[in-house]
Amino acid sequence: MKLGRLFVKRPINIIITVNLLLFSLLYLFHGVADYSVPLAGGLLTLIMVICYYIILKLSMGDQYIFLIISLLSSIGIAMLYRLNPEYGFRQITWYGLGMVFYFLSYGIFLWIKGWDRYLYLYIIAGIGLFLFTFFFGTTIKGATNWIRIGQSTLQPAEAIKILYIFFIAAYFKYPEKLKKPYVFLGIIYIHILFLVLQRDMGMAMLFFGVFISIFYAYNTEVRLFLINILASIMIGFLSYFAMGHIQVRIETWLNPWRDIAGKGYQITQSLFAIASGGFFGTGLGLGRPDYIPEVHTDFIFSAICEEFGIFGGIAVILLYFILVYRCFKITLNIKETFKKIVALGITLTYAYQTFIIIGGVIKLIPLTGITLPFISYGGSSLVSAFIAFGIMQALSRISIDGEGLDVIE
Amino acid sequence: MNSHKKIIHLIFVSSLLFLTLIGYLTHFQIFRASTVARNQYNRRQWAREENTIRGTIYDRNGVIIAETIDDNQQLLRSYPFGNLYSHVVGYSHQQYGRAGIEAQYNNQLMGYTSEGTVARLRDRIIGEHYKGNHIYLTLNHQLQQRALELIQWKTGGIVALNPSTGEILAMVSAPDYNPNTLNDDWSRLVEDNRSPLLNRVTTGLYPPGSSFKPVIAAAILEAGDVETNYDCTGSIVIDGYTLSDLNPRGHGPLDLRRSLVVSCNTNFARMAQELGEEKIVDIAKRFKIGSDLKADFNTSDSSMKYPEGMSATDLAAVAIGQGKLQMSPLHMAMIAATIANDGVMMEPRIIREMITPEGRVEDYISINGETIVSSEIASEVRTMMVAVVEEGTGWNARIPGIGVGGKTGTAENTTGVTHGWFIAFAPADNPQIAVAVLLESEGQTGGASAAPIARELIRFAIERGVLY
Numbered sequence: 000m001k002l003g004r005l006f007v008k009r010p011i012n013i014i015i016t017v018n019l020l021l022f023s024l025l026y027l028f029h030g031v032a033d034y035s036v037p038l039a040g041g042l043l044t045l046i047m048v049i050c051y052y053i054i055l056k057l058s059m060g061d062q063y064i065f066l067i068i069s070l071l072s073s074i075g076i077a078m079l080y081r082l083n084p085e086y087g088f089r090q091i092t093w094y095g096l097g098m099v100f101y102f103l104s105y106g107i108f109l110w111i112k113g114w115d116r117y118l119y120l121y122i123i124a125g126i127g128l129f130l131f132t133f134f135f136g137t138t139i140k141g142a143t144n145w146i147r148i149g150q151s152t153l154q155p156a157e158a159i160k161i162l163y164i165f166f167i168a169a170y171f172k173y174p175e176k177l178k179k180p181y182v183f184l185g186i187i188y189i190h191i192l193f194l195v196l197q198r199d200m201g202m203a204m205l206f207f208g209v210f211i212s213i214f215y216a217y218n219t220e221v222r223l224f225l226i227n228i229l230a231s232i233m234i235g236f237l238s239y240f241a242m243g244h245i246q247v248r249i250e251t252w253l254n255p256w257r258d259i260a261g262k263g264y265q266i267t268q269s270l271f272a273i274a275s276g277g278f279f280g281t282g283l284g285l286g287r288p289d290y291i292p293e294v295h296t297d298f299i300f301s302a303i304c305e306e307f308g309i310f311g312g313i314a315v316i317l318l319y320f321i322l323v324y325r326c327f328k329i330t331l332n333i334k335e336t337f338k339k340i341v342a343l344g345i346t347l348t349y350a351y352q353t354f355i356i357i358g359g360v361i362k363l364i365p366l367t368g369i370t371l372p373f374i375s376y377g378g379s380s381l382v383s384a385f386i387a388f389g390i391m392q393a394l395s396r397i398s399i400d401g402e403g404l405d406v407i408e
Numbered sequence: 000m001n002s003h004k005k006i007i008h009l010i011f012v013s014s015l016l017f018l019t020l021i022g023y024l025t026h027f028q029i030f031r032a033s034t035v036a037r038n039q040y041n042r043r044q045w046a047r048e049e050n051t052i053r054g055t056i057y058d059r060n061g062v063i064i065a066e067t068i069d070d071n072q073q074l075l076r077s078y079p080f081g082n083l084y085s086h087v088v089g090y091s092h093q094q095y096g097r098a099g100i101e102a103q104y105n106n107q108l109m110g111y112t113s114e115g116t117v118a119r120l121r122d123r124i125i126g127e128h129y130k131g132n133h134i135y136l137t138l139n140h141q142l143q144q145r146a147l148e149l150i151q152w153k154t155g156g157i158v159a160l161n162p163s164t165g166e167i168l169a170m171v172s173a174p175d176y177n178p179n180t181l182n183d184d185w186s187r188l189v190e191d192n193r194s195p196l197l198n199r200v201t202t203g204l205y206p207p208g209s210s211f212k213p214v215i216a217a218a219i220l221e222a223g224d225v226e227t228n229y230d231c232t233g234s235i236v237i238d239g240y241t242l243s244d245l246n247p248r249g250h251g252p253l254d255l256r257r258s259l260v261v262s263c264n265t266n267f268a269r270m271a272q273e274l275g276e277e278k279i280v281d282i283a284k285r286f287k288i289g290s291d292l293k294a295d296f297n298t299s300d301s302s303m304k305y306p307e308g309m310s311a312t313d314l315a316a317v318a319i320g321q322g323k324l325q326m327s328p329l330h331m332a333m334i335a336a337t338i339a340n341d342g343v344m345m346e347p348r349i350i351r352e353m354i355t356p357e358g359r360v361e362d363y364i365s366i367n368g369e370t371i372v373s374s375e376i377a378s379e380v381r382t383m384m385v386a387v388v389e390e391g392t393g394w395n396a397r398i399p400g401i402g403v404g405g406k407t408g409t410a411e412n413t414t415g416v417t418h419g420w421f422i423a424f425a426p427a428d429n430p431q432i433a434v435a436v437l438l439e440s441e442g443q444t445g446g447a448s449a450a451p452i453a454r455e456l457i458r459f460a461i462e463r464g465v466l467y
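Chains as they are written, first to last, in numbering that gives the first Met the number 0: chain A, 0 to 408; chain B, 0 to 467.
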């Protein structure tokens, strides 16, 4: 009973406990002489505890958003640490930096009023970033969606994700700004076209999914919605026949076993890992996730399944589920259209992104390269996710404070 | 509809997506994972294999047939008797995969089936090798050795089993190979057109010739109304085709017993006409032709394929074990065993016991049988088969002091050179062993070529008492 109250009253204790367990296992795995592991774990836990108390003291709204994304980050960091200590440590740095952005985006979102007035800015910035990537981008793993700055690379699509949500929200707040809905639709499809041209199918699916869902909720013309659905199906078919790499994706999804050493290599290695893990997993450090290609980014979920078992994998899915559910509740509590759509957009983006990548690595849907939010290794996606959920944190405060704010508008 | 309601729809959709993920993952783990994990491309398997002391395979009395030796940290699979067990036990080789018992019971030998998570964790932590389960076969090493001696340099197969339990006592297929030297021999083995890698006893299918006649005899006895007395003139015309006997002068007047003893083709062909298609198909089905023998090792199903029904000539052909009848030597031995075992056919067994590395019995082997013909019919056929050896074509299988029942077969086939067959059981009054010998494209009659081999094997088994 006492233990239960300890976790219920102070849920941060759950995170401390999980970190303690994960990093103790890592410590054993790396050998007792390596003090960097407890050091890293201690550092991470310290950042989390400090951030948690900041959120509590400043009554920044819903505390569980932070708790869940931190729990997911912990699991990701532990897994990355196990795969390669260097990546793990860098990810802790990214987490720290991400939290800075989290508070910044929280503050800036609340501080600046009238986010809904910059429709043109969102469009120009989004398309501009795409054009920039298109002309100056670097190709990594078959997708031209990276920009190289000195030693590091970043993915502009991660930033465009947020601009895109703001653009859609601003449009539905003042639809008359774009004269006709076709102009709006045109701009949406330009976004998606750029992603297709960059061969970033996962992002293209994600952008379309988010758009069509919000369009479903806020567009009043049923006919227009149906036209969009039909058009997207046609585009899907056309691109299947026109683009060889999409055909390959579909074929390897339908039967990866035909070419295990070739085209089906990635997905079959992922399935081998999941299958070898069984229900309870091999245990942290006892599996062979190093056999999986791209294991620290796209395929990190397979590594989690191998070492923590299907039950570990399901636990991760449920964490996302709770996160998405809380965000939906926040969305429903907001009255003002722009903020409501921003909240909805962020929620859907991360719900769909999770589905697309987990569904891909377990062969439920065709595999597309996209990161698993908060868990995959990578600065761009982690920082953009923290920015997005910083905004969500701000929105949660707005939804808790009641709708005093929409009077200001 | 307002947007609030539509957002709730989106909540449903998102929830559904997450539940689908969980559902699919669970489904995958329950139904697909074990197959996927055992895929040979899964490198975890190799790592696991390199670190596993595969279980030892023994004969029924504990003679080591296959074992894994720890040679300076390198695990080596060794087969102390070389060629002797090649077709039964097969091989487990990094490059060439697995065959035989090594393939079929791989999970047992690797210890996949019995390991607990705790035991696995313990082994991982102390850095010990994984250990697989040991397998005791039903084979008798001495009998196996004798069988190999008897068939060496020939092409064919010998199988001996216990009629009352279905336990395989010896099984040899020739030509064979040495599983210890696959690296050097592989390309030669694959290219050899005598197919040394094929287990002729279990997966080779051949026309049985006259050795199938006991089955037809059983059907005739069951029917009861078939006229069995006949005056054989050496040939018979059925539906325009002339079918002749090995003995062109004819056997003269004979009954069913005599027809079997001298192996009279013309009378069997004639009796089959009276017996009719229905009863022939029925007896073939009951003797499991065309169905699984339910052995605990891999076998090919024997077959008798007449999808458009049987003509008069087809009936005649099947009655003398020709036509589209294709039998494995194992199946023929089981037919002899069924006659010997009062009409009950036992499921063939080669696994006697499986034991965990800790010495616990892992799996109990079930002994199952099925009545094919009544014990009266079986007893009558048995008497006739004893007569075949005592006074007929099976003369070469006689053993002083031991009653042997048998049936010869000389089967025509597409190679143009006849196969020699002999099926037998002994002792006649209390059968302890049933045998089938097949000599592929031997060119001699079964009585001349196969019967002496069966005799030597039975004599060795019974006189030396090396049965069980």
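Hints are computed from structural coordinates only; laboratory data are not their basis.
The model shown is predicted, which means the values in this text are computed figures rather than measured ones.
Please note: incorrect hints may appear among the correct ones.
What the hints assert, rightly or not - One side of the interface only, derived from the structure: several residues of chain A facing chain B at Cβ under 10 Å:
#: 1; residue: LYS8
#: 2; residue: CYS50
#: 3; residue: TYR51
#: 4; residue: TYR173
#: 5; residue: LEU196
#: 6; residue: ILE213
#: 7; residue: TYR215
#: 8; residue: PHE271
#: 9; residue: GLY277
#: 10; residue: LYS339
#: 11; residue: THR353
#: 12; residue: LYS362
To be verified - Just the calculated beta-carbon pair ranges, DEER-fashion:
#: 13; chain 1: A; residue 1: PHE279; chain 2: B; residue 2: GLY358; range: 23 to 31 Å
#: 14; chain 1: A; residue 1: ILE139; chain 2: B; residue 2: LEU204; range: 53 to 61 Å
#: 15; chain 1: B; residue 1: LEU15; chain 2: A; residue 2: HIS29; range: 52 to 60 Å
#: 16; chain 1: B; residue 1: ASN38; chain 2: A; residue 2: ALA241; range: 27 to 35 Å
#: 17; chain 1: B; residue 1: ARG42; chain 2: A; residue 2: ALA241; range: 45 to 53 Å
#: 18; chain 1: A; residue 1: MET233; chain 2: B; residue 2: LYS304; range: 48 to 56 Å
#: 19; chain 1: B; residue 1: LEU15; chain 2: A; residue 2: ALA230; range: 19 to 27 Å
#: 20; chain 1: A; residue 1: THR138; chain 2: B; residue 2: LEU204; range: 21 to 29 Å
Claimed, not checked - Pulled from the structure, derived: some chain B residues nowhere near chain A, Cβ distances all over 10 Å:
#: 21; residue: ALA102
#: 22; residue: TYR176
#: 23; residue: ASP254
#: 24; residue: ASP281
#: 25; residue: ALA447
No residue lacks a Cβ here, since even glycine has one placed at the ideal position from N, Cα and C.
Going down the list of hints, with the structure as the test:
no. : hint                              : verdict
1   : LYS8                              : violated (28 Å)
2   : CYS50                             : violated (26 Å)
3   : TYR51                             : violated (26 Å)
4   : TYR173                            : violated (16 Å)
5   : LEU196                            : violated (27 Å)
6   : ILE213                            : holds (9 Å)
7   : TYR215                            : holds (6 Å)
8   : PHE271                            : holds (4 Å)
9   : GLY277                            : holds (7 Å)
10  : LYS339                            : holds (8 Å)
11  : THR353                            : holds (8 Å)
12  : LYS362                            : holds (8 Å)
13  : A:PHE279 <-> B:GLY358: 23 to 31 Å : holds (27 Å)
14  : A:ILE139 <-> B:LEU204: 53 to 61 Å : holds (57 Å)
15  : B:LEU15 <-> A:HIS29: 52 to 60 Å   : violated (41 Å)
16  : B:ASN38 <-> A:ALA241: 27 to 35 Å  : holds (34 Å)
17  : B:ARG42 <-> A:ALA241: 45 to 53 Å  : violated (37 Å)
18  : A:MET233 <-> B:LYS304: 48 to 56 Å : holds (51 Å)
19  : B:LEU15 <-> A:ALA230: 19 to 27 Å  : holds (24 Å)
20  : A:THR138 <-> B:LEU204: 21 to 29 Å : violated (58 Å)
21  : ALA102                            : holds (20 Å)
22  : TYR176                            : holds (29 Å)
23  : ASP254                            : holds (61 Å)
24  : ASP281                            : holds (43 Å)
25  : ALA447                            : holds (52 Å)
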